[in-house]
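Just so you know, the sequences run in chain order C and S. Using the working numbering, the first residue of the first sequence is number 1, and each one after it goes up by one. Using the working numbering, the first residue of the second sequence is number 115, and each one after it goes up by one.
Simulated from the structure, these hints should not be mistaken for laboratory data. Please read these numbers as outputs of a predicted model, since none were measured by experiment. Heads up, the beta-carbon is just placed ideally off N, CA and C, and yes, glycines get one too. One or more of the hints may lead you astray.
Partial chain C-side listing against chain S, Cβ under 7 Å, derived [unchecked claim]:
no.: 1; residue: 43
no.: 2; residue: 107
no.: 3; residue: 108
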Amino acid sequence: DAGITQSPRHKVTETGTPVTLRCHQTENHRYMYWYRQDPGHGLRLIHYSYGVKDTDKGEVSDGYSVSRSKTEDFLLTLESATSSQTSVYFCAISERGGPSYEQYFGPGTRLTVT
Amino acid sequence: KQEVTQIPAALSVPEGENLVLNCSFTDSAIYNLQWFRQDPGKGLTSLLLIQSSQREQTSGRLNASLDKSSGRSTLYIAASQPGDSATYLCAVTAQGGSEKLVFGKGTKLTVNP
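Bound-form chain S, shown alone (with noise of 0.2 Å):
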């Protein structure tokens, strides 16, 4: 069974800091990685997807990884802000069946002032 894992759970940061969140999965056979945001109450917003076939993303100050074989994905944040605050999600969508998302329990991210 798949598995998701995000370290750390929580995060705080002062504003202009690059930081790193992390994600491990426990089975390479999937076909994509995600990442998510959310903020409080809110839905998700897609931040970035990684085809499993691909090493790496970018969008504007967000720069994810992947590395299926060890089974590990990072999101790279540049010159964090205040209003990057909110929790991220990481999720697979695993091979073997039905294309379903696997997710991660998040980190949450303080970034501040």
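For reference, chain C alone in the conformation it holds in the complex (with noise of 0.2 Å):
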């Protein structure tokens, strides 16, 4: 299995507050994704990162943020959660970007905002 771990693995917070999520890898891949996963949406990218410092935005990035200083950490946060963003939350890595390359997903954090 691929070195990646998610922290917290559960989190229950209120609405209004902020909420950083963990992603580490120990494989030094370049690329790390965050994707949510819900009934009837399935699995949708948030944000991902090209490199340390390199981060663009996915399909349903709005009230999230990202940040990546270091090969190994990528961190999601809420900026001041809504219902909306109670979700399993699930980070993958890819030791490329191109086309050749699979991703390998970490076990996920459950999120619920109250």
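Using the supplied hints, reconstruct the complex from the two chains, each of which is provided in its own coordinate frame.
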């Protein structure tokens, strides 16, 4: 299994509070991704990173920001959590962003916003 | 905009049966197609990746095919086992910009003993 950990694994927070989720990899892969998974929508890309300090938006980036100060860590921040951000969040990594390379997923973080 | 559809949404079969899961995509301009398995409450496990230039990939009892021109892929599972019960997800890496995965909503497979 690819060395990907996510923390926390479960979190309950209140509307309006900031929340930061962490993805940590030990594979030294260049590309990292944040997805959310919701019933009826499947997995959707939030943000991704193609290198240290290099990030870009995905399909559902509103209300989220990311940072990558080290190769191994990719942080996802909900600036002011809303109930619509209750979801399961997955981090993924890829050795390169090119077409040949698979994405490997972390175990997920279940976030509940009350 | 690339869209990925998986049919059926759920499938229940008896143990030992061979089965096929279907995936279709609307834009044939893809780099590759990837099949994943997801167990309840768990992350995604990559099963097979097919490059756009390939027709099929095999791993053990799994065989995935790709017909890029018609926008279709199938995942064939031979001699199904209860341990195969999971949700199977199909995803494509679309060309024309950043290499992002676009996922289908999955097929939930139950293999009954």
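Looking at the structure, which of the earlier hints fail to hold?
-> Per hint list: zero violations.
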